[in-house]
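Undergrad: Chain by chain, the residues run as shown.
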Amino acid sequence: MNDQREYVHTGADSTRRSAIATLFVAVLAIAIGYAAAFNSTGTPAWAPWLLALGIPISLGAIMILGAARGARGVGPLKGPFAFVVGILALGFGAALALPGSEGPLSNLWLGLPARAAIVIYVVGLLPIVVLPIAYALTFEAQTLNAKDVERVRQLAREREAAGGQANSAGVPPQ
Amino acid sequence: MMAALPVSLLLQVSLPNAARPAVVAVGVLYFAVVVAISIWAARRTRTANDFFVAGKGIGLIALTVASVSVSVSGFAFIGGPGFIYAVGLGAMYIVLPAAVTNVMGAWVLAKRMRLLGEARSLITIPDAIGARYRSRGAQGLSAVAILVGIIGYMATNALAMGVVINSIFGVGLGWGIWIGMGVTLAYSASGGILAGIYNDVFQGTLMAVASVLVFLFVLSFGGGLGEISRTILAHDAVLLGPWGKLTPLAALSFFFVFSMGSLGQPQAVHKYYMLRDPLQLKWYPLLKTVGLVLVLLLYFSVGLGVKAFVLSGRLAPLTSPDQATPTLLLNVTPIVLAALVFSGVAAATMSAANSFINIGAAIVTHDLPIALGRRVKNELRWGRAVTILIAIAAAITAQQSGAMVAFLGIFGWGLFASTLVPALAVGLNWQGATRSGAIASISTGLFVTLALETAAYLKAFKFPAGVTASAVAMVASFLVFFVVSWLTRRSAAAELDDDVRLVMEL
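Quick note, the sequences are listed as chains E and S, same order.
When we follow my numbering, the leftmost residue of the first sequence carries the number 837, and every step to the right adds one.
When we follow my numbering, the leftmost residue of the second sequence carries the number 26, and every step to the right adds one.
No lab work stands behind these hints: they were computed from the structure.
Treat each hint with caution, since some may be false.
[To be verified] Distance condition first, Cα-Cα at most 30 Å in a straight line; then the derived DSSO-like pairs of lysine-lysine:
(1) E:Lys983 / E:Lys914
(2) S:Lys307 / E:Lys983
(3) E:Lys914 / S:Lys307
(4) S:Lys270 / S:Lys484
Using the sequences plus the hints, can you model the full thing?
TA: Quick look at the structure:
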């Protein structure tokens, strides 16, 4: 019982709780999108929109879940996450919403017609410029530093001293 | 990334006599380097830890290149360009997720897997699941799921190797399979994952160089991307629409399965254990993403380029989309570049096969005994023995009908995704996840994937356009994981060991 109270009151920070709830809702939206495709009259026009919004939100939610750290949440990563979720949603949304006008006289953007350029350059390349850089720049503060590694190693030494290190699910190594 | 797609029957091409000496020479050189690396690695493999996780002593650059190498298969060089040739930009939704998957994996899994490895001396992915939920059942079930997926992957990779080796050396498909698996087996059994990693470094470098050179050549030959687009737009503009010839639901579905599903691919996730210094993870996502983009340049450029060259009459129409890369290489590019790409395809399949053989051997000698409450005494010796058995089984399976092998290969990615993403990726980051939720989720992923794929294979059931078994299974597995964890939430805290809790809170 004590363990459960500790978990409920201190273990689950609000960022992770929000990320889990958001991930659940996003996956549910994607599921509804797929379910709608089984409609005997064909896939309704709104079904791809559920995926176009659900996919960026689910990816953003699981990244926030992984990056959140205690009470500080995702700290300076809020901006990069919002940017990437936003451009994925906008990119997919633009591809769905903009009228199809590809033809021999189309204007080309970096060698591709507009809607294709949005997909390739915005959805496919812009996140590369933002996310890995944000990950590296916030690495020590947000992800991992030497103190963290030492805490884990210290705990491992203590466990070993206290009675032998159990491997994985608890079967001691021979 | 796209190793799950059917790589079988990908290169049914005979080299022209004029090209054969150069291609054979480069092929022989390629195999000589693989053998040399393997001999070097075998001398350094002394323990099960060396064999399965390279003694946790791999540096950042080697790990990055190796991870890029196992993330792609022959599909990136042959099937992928063929897919773009057939459906246009819709095929790009398989590779576009690379922009986010590497850094997503770093945030969600890399740190926690690496630290768990530090705290518990873990060597496999089921190990991490067993430690997270303090459950031999969850560890055993995830091990079974991975093993089932590996059977499919191995058969398709063995077949792809056979096809490539037959194309280069003209030895026949059957002998091609045995030679390819024999070479892969030799370095897998002797040097374990250490040989695999350093061969991956060589093979990944080869793939990146080949891809960049082909990309530059296609742009130059086609007069730039703009000219290539103009030609396609004049003849078949739909190909350059945002979804190509796919439906929006189908294209978006690819993006979902290949982005979220990347968190459950054991050949890539397993690598996190091997990094020598966990602090080197800082630059891992950036380096891996750049490497992956370089390797995928060929995928994009050949598919569109060949389409434009055929439409403008510079190349004869293809007999099948999968001929896009071979046709370009044998009719347009310098023969040395063609030879480099053929070796790159062999490299891609061998790299993936080695990784899966090693993971499969670890499951049989390590995870399944643990699930049964036992430990194998000499994991290194048994690991080598099981490696040989898996390779032989894969080679025999690959000799079966192409349709059967393609079927086995199709569900690999989806099976890994649906069984591992919720339990592993979400579970390592959410203290409210429970053992029951994990077991229910893994079971759901396993059952739904196998049932739907089998029903589709037997033509007992047909999905609506845009819906795949992989996507349905992954969504179902997620929802079951959340619902069962919520229903059993009172047990969540009691299932966490203190060291696992620390790793999850950092």
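Undergrad: Which of the stated hints cannot be reconciled with the structure, identified by number in ascending sequence?
TA: none
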